[in-house]
Amino acid sequence: MHAQVTTKATLKPARRRPGVRRMAVHIVVFALLGAALLGLGIFGRMELSRRTLDQQVAARVDALLESSMAEVRTAMVSADTDVLRLVNIGFSSRKRALKDNIGTQVRDGRENLEIALMAIDTLEEGVLSRVQDEKLRDELTAKLAPERERIAGQVAEQALQAVQNMGMAQARVSLPVTERFYPLMYYYWALIAAGVFCMLFAAALLVVWLRYDARKRARVGELLEPLDYLLPFFLGVAVFTLYPIVRVILMSFQERYRLEGTFAGWGIGNYEYVLKGIPGTSNYFLQGLGNTFLYVLYTVPISTALAILIAYLLNQKLRFSALFQTTYFLPMVTSVTAVGLVWRWIFNRDFGVFNAVLSLFGGGKVDWLQQSGNSMTVLVIFGIWSALPFTIILLLSGLQNIDDSFYTVAKVDGARQFRIFRRITLPLLAPTIGLVLIINSISAFKVFTEVKVLFNGSPGPVLNLYTMVFYIYDMMYEKRELGRAASAAIVLFLFILVFTALQRFIQRKWKYD
Amino acid sequence: MRVVMEHLTKKFGQFIAVKDFGVVLEDGELVCLLGPSGCGKSTVLNMLAGILPVTGGRILFDGEDVTELAPEQRGIGLVFQNYALYPHMTVMQNITFPLEIQRIPKDERETRAEDIARLVHMEGMLGRKPKQLSGGQQQRVAIARALVKKPRLLLLDEPLSNLDARLRLEMREEIRRIQQETNVTTIFVTHDQEEAMSISDQIVLMKDGVLQQHAQPQALYNEPLNQFVADFLGNPPINNFPGVYRDGYFEAAPNARLKLQGFVGVPDGTKVNLSIRSESFVVEEGPAQDRMTCRVDSVYQMGKEEMALLTFGGIPFRAYISADFGLKKEDAVHLALKNRGVFMFDLQSGERY
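First to last, the sequence lines map onto chains A and B.
Number 513 marks the last residue of the first sequence (the numbering used here); no jumps.
Number 353 marks the last residue of the second sequence (the numbering used here); no jumps.
The following block holds chain A by itself, in its conformation from the complex (with noise of 0.2 angstroms):
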């Protein structure tokens, strides 16, 4: 007992720890990291600040010069053009005074109302040493005495509303061009938040490290190595996808979101907005909803069933079947827009060549891409053209993962082939159906180019096609309220998921295995 005890103790030193190293590495490395990150988003938030700051000032100042003298000038001036003159000249040899002047008060922290009455003060001084006319000079007095203090009141008040005004958002806007920029100073919430989450995450492994042995120590050094290969990948997620998403939930409660980071506050407007509309007026959105499920009904089943049946065919040991597979999947390697456009002349109704088969079989001209009623049906037509090729290569690689030996031993016991089709192909490739519908039904929700490009770029002929993101995109490019875009964004992915959580369910039933 005692000798097995000596002979561990002595073996110990011997063994290597990769995982304490590794452990005290990252200590170190997410310490300086979250500190290095924490650094950057205060400096930002006091940078911004700072700035914020400057133009708050300049702001009042600015307030307070221009307004006082609008204001003196509107109590002294009377139809005289004399006197209006010599206002002006008044005022103007004493502007660049009164502003240093009112500065230096600003920074000194003087109030507004005591800045208002110097600043009134001065002006009158600068006009009334101009006025040689004794007469004219007594007029002008009592004409402005009286006038004073409510000249005061007023002009600090619009000082103080000018100081308003000036928030983080509007001084971003209004930061000249020759300042020296530091971008980083508008994301500085995220900075600190994960310079905050590194500090915490160093702090706890630091508190491990004190806390307990070696042992324990290259244990978690051992749990952090798989935790090293993923951090690449998931600073990559971080700031691509998961940024945006919140970023995005968050703008959708903010009403009247701007470019430039003002919005009128928090709340559900966008939301209100976007599925009530404008009483009186059509609400787009809902009828974009309408249009896509619509769109969604007629292409995702005629698509697939279209699919299964040329991936079928495809897949038989046809002559010239190369051809056939490039004809198929040609769709895919060519643009939508330059496909779209291809489309537009083919739906043309003097010189298309649908309306010229159509006229084989009797039919009239049909003017396919300018009268409302028919639009969908353009729609329709073009989208389950471009949405071929994509189901009908994942169909084929589900028909080709079939074992032949299924076949043979069908055909062996006399199976005939719609027969082998029904029971033997089309369950065995109902895994694949689904993934099919379900990345079908996906994209065609998002269907947006397939109309832009159908109809010039507006949605359909008299605006009677709406999508959901062609509702999104107008929302965001031509009508620029970002946050009823993002409330629509937010409700069309509502409706995807539980599209896709439905079908999901409905499908475990396919499930063979």
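Mixed in with the good hints there might be a few duds.
Now the in silico label distances, taken between C-beta atoms and shown as ranges [said to hold, decoys possible]:
1) B:GLY56 - A:VAL342: 50 to 56 angstroms
2) B:PRO36 - A:ALA214: 57 to 63 angstroms
3) B:PHE15 - A:LYS446: 51 to 57 angstroms
4) A:LEU318 - B:LEU60: 31 to 37 angstroms
Here are the simulated DSS-like pairs of lysine-lysine, each with C-alpha atoms no more than 25 angstroms apart in a straight line [unchecked claim]:
5) A:LYS411 - B:LYS129
6) B:LYS271 - B:LYS329
7) A:LYS411 - B:LYS131
8) B:LYS329 - A:LYS411
9) A:LYS509 - B:LYS338
10) B:LYS150 - A:LYS411
11) A:LYS411 - B:LYS11
So these bits of chain B aren't anywhere near chain A, every CB distance computed over 10 angstroms [unchecked claim]:
12) PHE15
13) LYS207
14) PRO217
15) VAL299
16) GLU305
Hints in this document: simulated from the structure, not taken from any laboratory.
For every residue, glycine included, the Cβ atom is placed at its ideal position computed from N, Cα and C.
Based on these hints, arrange chain B on the given structure of chain A.
Just chain B now, kept in the frame of chain A:
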């Protein structure tokens, strides 16, 4: 059913997979198509099933020419190596599928499926899906599905390859039992000579698309027609001593000679292979010319016998020796040959003398 194959030939482009293959299989037999991978045995099976068209020759089932008949018209049951059970159907649905195709009423289908399931001992599992079955059980279901439509010929394409060693032994016996109970003519494709030896009534041994020998298992083992047959059968493999036959003596090396009896008509000075099964050696003192003087390289205990690795004339070989002799490494022993299991083949052509 009596199956006759006459001059059966199959070409894939320039490659000849099966060449002038002629075999007669009697009714109710279990025949093994045996041969190394790529020897054309599966091709023969597929031609019998009608999955592959024939390039030349004829196939007769009970005297009826079926060469041009479609697979479903031949009355064949087929079992694949991977069983090919439909994963989305239950065992019951799998077994009844061939009957469903024949538009047999549901009641009858299910009675027949239950009967056949009893035969393969799967009666309690009819509601399960293939994924819920073990490999051996899947195999039983595949056989049941092949048998349920009462085929004239049952074709099994390497049916035991996907099973582990223990299950393989069990299923081998099961297939034999089921075949004997149903008495259906069965063709069993395998590359495992041990499997073929233990299960079949007749073995058809093939190599490179050419029939080598068609005989009962024991006959194949005891009287191989050529070098390939002798080499392919038996475990451990047969021992080959290349040398020269001269004056009734076999000469492996100048100092390693052995007087042989019973080989007549072998020209003097022929280069031959003396092939001896491991169990055909006996330790026995006697005249030096009739004995192989060998050195023991190593000895393995195998229970009542020992497997000795020895050298004769510089050629290493294996022999089963009774443990009574207590052979040790580096011993020199004198071995006599038994009458059975000693063959002489021409070194070039592989033909037997």
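Legend entry - Violated constraints from the hint list, given by number and in increasing order: Going through the list in order, the structure violates hints 6, 8, 9 and respects the others.
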